[in-house]
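Protein sequence lines, in the order shown, are assigned to chains A and B. Reminder that position 91 of the first sequence reads as 191 in the working numbering, one-by-one numbering, no gaps. Reminder that position 89 of the second sequence reads as 90 in the working numbering, one-by-one numbering, no gaps.
Rather than coming from a laboratory, the hints here were simulated on the basis of the structure. These figures come from a predicted structure and were not determined experimentally. Misleading hints may appear alongside valid ones.
Only some residues are given here: those of chain B computed to face chain A with a beta carbon under 10 Å [as the list claims (entries may be wrong)]:
#1 Gly29
#2 Ala32
#3 Pro62
#4 Phe66
#5 Ser67
#6 Phe107
Computed footprint of chain B on chain A, listed as stretches where at least three residues anywhere in the stretch have a Cβ under 8 Å from a Cβ of chain B [claimed, not checked]:
#7 137 to 150
#8 201 to 212
Using C-beta positions, here's what the derived DEER-type ranges look like [claimed, not checked]:
#9 Pro118/A / Asp19/B: 32 to 42 Å
#10 Pro62/B / Glu108/A: 49 to 59 Å
#11 Glu108/A / Asn53/B: 16 to 26 Å
#12 Leu40/B / Asn117/A: 23 to 33 Å
#13 Leu214/A / Arg82/B: 42 to 52 Å
#14 Pro140/A / Arg23/B: 38 to 48 Å
#15 Arg142/A / Arg23/B: 18 to 28 Å
#16 Glu15/B / Pro140/A: 26 to 36 Å
#17 Ala105/A / Asp19/B: 44 to 54 Å
#18 Pro62/B / Ser126/A: 36 to 46 Å
#19 Lys212/A / Lys16/B: 30 to 40 Å
#20 Gly199/A / Gln42/B: 21 to 31 Å
Beta carbons are placed, not taken as given, at the ideal position from N, Cα and C, and that holds for glycine.
So you can see what is in the structure, the chains are spelled out below.
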Amino acid sequence: AQSVAQPEDQVNVAEGNPLTVKCTYSVSGNPYLFWYVQYPNRGLQFLLKYITGDNLVKGSYGFEAEFNKSQTSFHLKKPSALVSDSALYFCAVRDITSGTYKYIFGTGTRLKVLA
Amino acid sequence: GAGVSQSPSNKVTEKGKDVELRCDPISGHTALYWYRQSLGQGLEFLIYFQGNSAPDKSGLPSDRFSAERTGGSVSTLTIQRTQQEDSAVYLCASSLQAGGGNEQFFGPGTRLTVL
C-alpha cells in the first residue's frame, strides 16, 4: 500500500526567511512524487515533481524539493519566503511498481508567510 | 488554451436526491481523475480513467457513487441518494496520460452541499 504524510497542518514563517514544508511517503516500490499548491479560491496547481535523476528538483515560483530515499522524504523548500507564497500545499505519491496509476495525496499543509 | 472545466460550480441538494457532476478535461488528455476534498481531509482519490482501459474505481466510498467517461473525453460523477457526509468539494483532474509521471491539471471543483 502507498501512503503519504504531511506532519504539519500549518507552517508559519516570516517573509524573507527560508521555508520548509515536510512530506514523507511509504511505497512498496519506487515512487513518483509531486507537490501541488492551492491558492485561496483557486484550483490546485502543479509545482514540481521527482521522477528519476537528480534528487534535487526545482519547480515554479522558486520552490525546490529534495528526494531522500533513505528517509523516504520529499520536503518542499524555498530560500526566501514571500507573503504571496501563503497557500495550501499538497504532497502526492504514486508507487510506479504497484500496477496502478492511482495517486495518494497528503492532508495538506497550510503555509502562512508573515510580513 | 482551455483548462479543465467543471460544472456546476456549486450544487445544493436535499438528502436523498441524486446529483450529477460534470468534468471537461483538457483536449488530448487521456487520463482523468476524480477526487473529493473535505475540510481537513486533504484530497481523497475516487476513480481514474486511462484511455479505453477499465477505470480504477477503488476509491469510490460506496455503491452510491459511480462515474463514466464518454468518448474518452467528458466525465460524469453521479452520487445517488445523497447523504450529508457527501458534502465536499469534488475535484476533477486530467493529464496527458496516467503513466509516465505526467502532472495533473485540476479543475476549479464543484462544491456540493447536502442539506
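So, going through the hints one by one against the coordinates:
Interface hint at Gly29/B: violated, since its Cβ lies 17 Å from the closest Cβ of chain A, which is beyond the 10 Å cut-off. Interface restraint check for Ala32/B: the shortest CB-CB distance to chain A comes to about 7 Å, inside 10 Å, so the restraint holds. Below 10 Å, beta-carbon pairs count as interface contacts, and Pro62/B has none with chain A, the closest being about 15 Å; its hint is therefore violated. Interface hint status for Phe66/B: violated, as the beta-carbon distance to the closest one in chain A is roughly 16 Å, over 10 Å.
Interface hint at Ser67/B: violated, since its Cβ lies 18 Å from the closest Cβ of chain A, which is beyond the 10 Å cut-off. Against a cut-off of 10 Å between C-beta atoms, the interface hint on Phe107/B holds, since the closest Cβ of chain A lies about 4 Å away. With a cut-off of 8 Å between beta carbons, the stretch 137 to 150 of chain A has 6 residues touching chain B; three or more are needed, and the interface restraint holds. A count of 8 residues in the stretch 201 to 212 of chain A with a Cβ less than 8 Å from any Cβ of chain B is obtained; the coverage claim is therefore met, three being the minimum.
Under the hint 32 to 42 Å, the C-beta atoms of Pro118/A and Asp19/B, about 50 Å apart, miss the expected range. The supplied range of 49 to 59 Å is broken by Pro62/B and Glu108/A, whose beta-carbon atoms lie about 27 Å from each other. The supplied range of 16 to 26 Å is broken by Glu108/A and Asn53/B, whose beta-carbon atoms lie about 41 Å from each other. Checking the proposed 23 to 33 Å range against Leu40/B and Asn117/A shows it holds: the Cβ atoms sit about 29 Å from each other.
For the hinted restraint 42 to 52 Å between Leu214/A and Arg82/B, the CB-CB distance of approximately 46 Å keeps it satisfied. Distance hint for Pro140/A and Arg23/B: a CB-CB separation of about 24 Å, inconsistent with the stated range 38 to 48 Å. The hint said 18 to 28 Å for the Cβ distance between Arg142/A and Arg23/B, and at roughly 20 Å that hint holds. At about 29 Å, the CB distance of Glu15/B to Pro140/A agrees with the hint of 26 to 36 Å.
The beta-carbon spacing between Ala105/A and Asp19/B, approximately 36 Å, falls outside the hinted interval of 44 to 54 Å. As the Cβ distance of Pro62/B to Ser126/A is approximately 22 Å, the hint placing it in 36 to 46 Å is violated. Our hint of 30 to 40 Å for Lys212/A and Lys16/B holds, since their Cβ atoms are close to 36 Å apart. Distance hint check: the CB atoms of Gly199/A and Gln42/B are about 26 Å apart, consistent with the given range 21 to 31 Å.
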